[in-house]
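Kindly generate the complete structure, drawing on both the sequences and the hints.
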Amino acid sequence: AQDELGHAAALYALLAGLTGTTVDAIAYDREPAEYRHCRLLDHGRGDWAMTIARRYLYDSADVVRLEALVAGSWAPLAELVGKLIREERYHRMHAETWLERLARTRGEPRDRLLTALATLSTDAGTVFTPLAAEPALIEAGIMAAPFTTLETEWRASIEPTFAALGLPMPEPVSDPGRGRLDHGDAFRWLWGEFTMVRRADPGASW
Numbered sequence: 086a087q088d089e090l091g092h093a094a095a096l097y098a099l100l101a102g103l104t105g106t107t108v109d110a111i112a113y114d115r116e117p118a119e120y121r122h123c124r125l126l127d128h129g130r131g132d133w134a135m136t137i138a139r140r141y142l143y144d145s146a147d148v149v150r151l152e153a154l155v156a157g158s159w160a161p162l163a164e165l166v167g168k169l170i171r172e173e174r175y176h177r178m179h180a181e182t183w184l185e186r187l188a189r190t191r192g193e194p195r196d197r198l199l200t201a202l203a204t205l206s207t208d209a210g211t212v213f214t215p216l217a218a219e220p221a222l223i224e225a226g227i228m229a230a231p232f233t234t235l236e237t238e239w240r241a242s243i244e245p246t247f248a249a250l251g252l253p254m255p256e257p258v259s260d261p262g263r264g265r266l267d268h269g270d271a272f273r274w275l276w277g278e279f280t281m282v283r284r285a286d287p288g289a290s291w
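Following the numbering used here, the numbering of the sequence shown begins with 86 at its first residue and continues without gaps.
If you're looking for bench data, these hints aren't it; they were derived computationally from the structure. Positions of the beta carbon are idealized from the N, C-alpha and C atoms, including for glycine. Hints are supplied without guarantee of correctness; some may be wrong.
[Said to hold, decoys possible] Derived Cβ-Cβ restraints for the label pairs, each shown as a range: (1) Glu89 to Arg273: 18 to 24 angstroms; (2) Gly192 to Gly288: 52 to 58 angstroms; (3) Gly226 to Thr107: 34 to 40 angstroms; (4) Leu99 to Arg191: 28 to 34 angstroms; (5) Arg189 to Pro287: 47 to 53 angstroms; (6) Arg273 to Gly192: 34 to 40 angstroms; (7) Pro261 to Tyr113: 26 to 32 angstroms; (8) Trp133 to Gly105: 38 to 44 angstroms; (9) Tyr113 to Gly251: 40 to 46 angstroms; (10) Asp196 to Ala160: 47 to 53 angstroms; (11) Gly262 to Arg189: 33 to 39 angstroms; (12) Glu164 to Asp196: 41 to 47 angstroms.
Below is the structure:
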């Protein structure tokens, strides 16, 4: 989690420099509906199997997405992502190790993993829900490929692991147009927690 917070802060710093705002404003001053993370991350905290299933699905997709940015034309972003991706590959490897351990342990561990994967199945691909500005990003060369292409690459990258472990592949996204919208109760609770201090004294300097 600390790595991911650091990655977010570094990316927000690039955005803040372009928009004349601050990292804290981007992180804390939006309403819940204004966040554009994928629906896969909206699922509430569950058991260890849920944590590993979501972590593996997200990290494996994130590596594919970051690789497309490393190959992009905007040097500040490409250089930053080139540093971040090394840690993300380690995250993916760690999650895959635990995925294999749970999948190969008969009984409750595997059953819980299958339940978690079924819960997350139709939301896994929302990591690749296109952004409104995707055509402009591709035209400018900032993104090396559209999200539809990246999702295909991601599915191809995880298929050997799922096949070897006898796990069902994620289903297609049930409502592709809303993959970054309609954040549920779990996120609204989390938003309340991580913005609480900021909202208590919006003008304070930390």
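Against the structure, the hints come out as follows:
1. In this structure the supplied range 18 to 24 angstroms holds for Glu89 paired with Arg273, their Cβ-Cβ distance being about 20 angstroms.
2. Checking the proposed 52 to 58 angstroms range against Gly192 and Gly288 shows it holds: the Cβ atoms sit about 55 angstroms from each other.
3. The beta-carbon spacing between Gly226 and Thr107, approximately 28 angstroms, falls outside the hinted interval of 34 to 40 angstroms.
4. The beta-carbon spacing between Leu99 and Arg191, approximately 47 angstroms, falls outside the hinted interval of 28 to 34 angstroms.
5. Distance hint for Arg189 and Pro287: a CB-CB separation of about 50 angstroms, consistent with the stated range 47 to 53 angstroms.
6. About 35 angstroms separates the C-beta atoms of Arg273 and Gly192, a value consistent with the hinted range of 34 to 40 angstroms.
7. At about 29 angstroms, the CB distance of Pro261 to Tyr113 agrees with the hint of 26 to 32 angstroms.
8. The hinted range of 38 to 44 angstroms is satisfied by Trp133 and Gly105, whose Cβ atoms lie roughly 43 angstroms apart.
9. Checking the proposed 40 to 46 angstroms range against Tyr113 and Gly251 shows it holds: the Cβ atoms sit about 43 angstroms from each other.
10. Distance hint for Asp196 and Ala160: a CB-CB separation of about 48 angstroms, consistent with the stated range 47 to 53 angstroms.
11. Between Gly262 and Arg189, the C-beta spacing of about 37 angstroms keeps the proposed range 33 to 39 angstroms intact.
12. For Glu164 and Asp196, the hinted distance range of 41 to 47 angstroms is satisfied, since their beta carbons lie about 44 angstroms from each other.
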